[in-house]
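Q: What follows is each chain in one-letter form.
Protein chains: 4
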Amino acid sequence: MKVDLNADLGESFGAYKCGMDEEVARYISSANIACGFHASDPSVMKRTVCMAKDNHVAIGAHPGYPDLQGFGRRNMAVSPDDLKNMVQYQIGALNAFCRAMNVPLKHVKPHGAMYNMAAKDEKLANAIAEAVMEVNPELILLGLSGSFLIATADRVGLKTASEVFADRAYQSDGSLVPRSMEGAVICDEEAVVRRSIRMVKEGAVTSIDGKDIPIKADSICLHGDGENAVLFAKMIREELVKASIEVTSIEYVVE
Amino acid sequence: MKVDLNADLGESFGAYKCGMDEEVARYISSANIACGFHASDPSVMKRTVCMAKDNHVAIGAHPGYPDLQGFGRRNMAVSPDDLKNMVQYQIGALNAFCRAMNVPLKHVKPHGAMYNMAAKDEKLANAIAEAVMEVNPELILLGLSGSFLIATADRVGLKTASEVFADRAYQSDGSLVPRSMEGAVICDEEAVVRRSIRMVKEGAVTSIDGKDIPIKADSICLHGDGENAVLFAKMIREELVKASIEVTSIEYVVE
Amino acid sequence: MKVDLNADLGESFGAYKCGMDEEVARYISSANIACGFHASDPSVMKRTVCMAKDNHVAIGAHPGYPDLQGFGRRNMAVSPDDLKNMVQYQIGALNAFCRAMNVPLKHVKPHGAMYNMAAKDEKLANAIAEAVMEVNPELILLGLSGSFLIATADRVGLKTASEVFADRAYQSDGSLVPRSMEGAVICDEEAVVRRSIRMVKEGAVTSIDGKDIPIKADSICLHGDGENAVLFAKMIREELVKASIEVTSIEYVVE
Amino acid sequence: MKVDLNADLGESFGAYKCGMDEEVARYISSANIACGFHASDPSVMKRTVCMAKDNHVAIGAHPGYPDLQGFGRRNMAVSPDDLKNMVQYQIGALNAFCRAMNVPLKHVKPHGAMYNMAAKDEKLANAIAEAVMEVNPELILLGLSGSFLIATADRVGLKTASEVFADRAYQSDGSLVPRSMEGAVICDEEAVVRRSIRMVKEGAVTSIDGKDIPIKADSICLHGDGENAVLFAKMIREELVKASIEVTSIEYVVE
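Chains as they are written, first to last, in our numbering: chain A, 1 to 255; chain B, 256 to 510; chain C, 511 to 765; chain D, 766 to 1020.
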């Protein structure tokens, strides 16, 4: 039994600092590093790659829409071709810092609106999968468990990893309950831990309307902002280990 | 006797088209492709890499300052560390399209204000040379003949190529006569051709005040905008060949 | 019988030139001037305001989404509050140049995706109408004839002007036939002129499926790019005058 | 005896929060509000104008260079014409929110590199002064005491206010000791208060090399970031009042 713990790191920008990257990096096994479109800049990226390397955290590219003001969270009607190109651009940019630091780039996880749109839209999913495949077929695509992104990347021939959200409620079709709905976020930390362990061990989770649904948990998404996020990262890692689940980076989970 | 002919390609942006890239690509041996900071966007970069590949033109990265409105021509007080990071970012971004198209990235030529500032400032020159060295030590740095950029890159251990400007007057210290001064641009095309051939064959050029000065001409910079630029590119290529000078890409000139 | 002829001007950006603004300005009565979000920059705005003033063309703000690469044509999920603020920002920016040049700002016409989304979404329409109302209740809102934007602005108490597209086919519900559908653009110039005159004189147009539908034509939208656009602008102005329709700026049409 | 206390507010951007604006706003009499080029966005600007109005703080525009990543602190070789236009653009943008909130715009203070460059370069100073004059001749230009910016704005006919930095050492020519030099920042709060009171009452300050130099203190610049900044703002206001100096906004100081 193995699982990866991932978090988004390197979301500062110029004089703007955010996230508790150094603290969170101690407890995760994979970092999704912003690439300058929805957050970050070249100097933040360099620092974050160094920091991930120092903490023996696997490095992934975290491409987003070109919308710094909206933090990549606003849906944008980007064509599949343009999407493919902006994903390749961002992977390449991050990879330069990996080469400069002599550390491998391991995975790609789209950010925010790009992640959500590609989960449901096959053309966008295909654009992202092809983008990754063409740049480096060894990269693992990290996407929402049960999404079009995972299905499409599998079909294209990429290695994939299915991501679950420990503190989010699921609908019975396997999609996340939207944040705007009541009950979307699970605040009871013990419940979150229990759900996490069950998702990994049994491949199942209870949906918001009480049904048991199948779910694939290769990687659990953690948050990187705020002291509570750090405390929770520490706790869930400890609880997973206690439950005899090894926390290790994506490549060893999906091999 | 060999020389490279280079031009800046891929400077369109979104709906904004500029340059006569397809015409110019027929006559040059190396293309400096903009990387999205001073010009271009991911989709323009992809198209330009494809076009260069189709024309058997060697591909180089053309990083610039993050100043789209100023087209990277305005001096900016960027620190050496930030400069190094923004050069690595841009090289990586372009390299992603080279990998996707299965064509090698061969050289790096800084753009506009970055090129001019690094020609005279050793710290900036060093930042650029280290940036290239760390990302890929096989890349050739293309810079102004006789500049700090060439000297520093040589010292760092990079392969370098010295660029000359066929239609620009030189001062007796080997620097370009600023465009604001009279006589900076040489309009007589025959004179430009004659100077080019002499620079390649004799390693010398006559300065604006009539002295013969040494100059290293590994690559001649051509312009890519306007019909005259295309006609001139065609003519200079033909005249070089007539003068028994082989036009070939940078790597074969500097080997 | 009066009608306004409007065109989008001032869409250049930095070194990127586009549009035949000076030629088109001779034939239109109102200019929609880009405000730096989807196109333009402060120096282009200043020049365009001067040019419009010199040509006695009424000046309007042409706010767009913050998407220079997509030219403001990509739908973006901007919240009504953020939309309201970005419209006010852009109106204010253009108004500074009007004050500096001592020429009044007369109207506001949203651009591209913002125009299209606000035509169909009442919350977005309301955000734009309130934005204009708060900044200057004397400004006229120019929107698609029959759209939510016009209805909402009327309700908020703004003066409005209804825009028609002479060379575009209409569906029987009064909306434009999408460009992706066959027959969306009418290429026969005589037909375009005939339709224009009828829209102004009779307040009616024939839809793509052959029905006569009511339409309000306070202003006809012309294009500003390409020589054909200039020739057509000249022709339609002459034909309107021959048909005893006065071409005059929006404020005199809607008074 | 009167003096204004000013601070830079509204420097957040999108999801990036910075500054303790609400706390600082209680102690200052004038706010310099960022305009979206070096910091801020339309929604932050709207909120900050509201907040300043609620706190009865006079509102000024704080235009900067278009360099969000560098926070407007990097020198840029912007031409005087482009500078003039970017200042007018930013004043207009902020003014839209003032009109929407029905509160007057009172002053303009350039930010960071623009402020420093215009202090020493007469052409840039003139561009800024003309920009303000043309947009609204009633606006007060706030600049470094003894700088070219103040001299030029005076000559152009603008009202000006001279700014002093309570916690910064001065050279004997009246310029600030660069931050890179030892002794540039004065950390002893009592000394800072003493210097402030003397600058206001006597129009003099002791330079870093021990000479008494004349200085005009219409407004004292305070910082807005960090708890210490807030505590210091509170203290200096109280100490000024104890010293029988009235703290009031710029227009009442320079009238």
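The hints are simulated quantities; they were obtained by calculation from the structure and are not laboratory data. Beta carbons are placed, not taken as given, at the ideal position from N, Cα and C, and that holds for glycine. A couple of the hints might just be wrong.
Cut-off 16 Å, straight-line C-alpha distance, at most; resulting in silico cross-link-like pairs (EDC-like, lysine to aspartate or glutamate) [said to hold, decoys possible]: (1) C/527 / B/445; (2) A/216 / A/188; (3) D/782 / A/225; (4) D/976 / D/919; (5) A/120 / A/173; (6) B/489 / B/428; (7) C/726 / C/698; (8) C/744 / C/532; (9) B/456 / B/494; (10) C/527 / C/735; (11) B/272 / C/683; (12) A/17 / D/990.
From the structure, some residues in chain B lie toward chain D, with a derived Cβ separation under 8 Å [claimed, not checked]: (13) 321; (14) 331; (15) 332; (16) 423; (17) 426; (18) 427; (19) 431.
Q: What hint numbers does the structure not satisfy?
A: 1, 2, 4, 6, 7, 11, 16, 17, 18, 19
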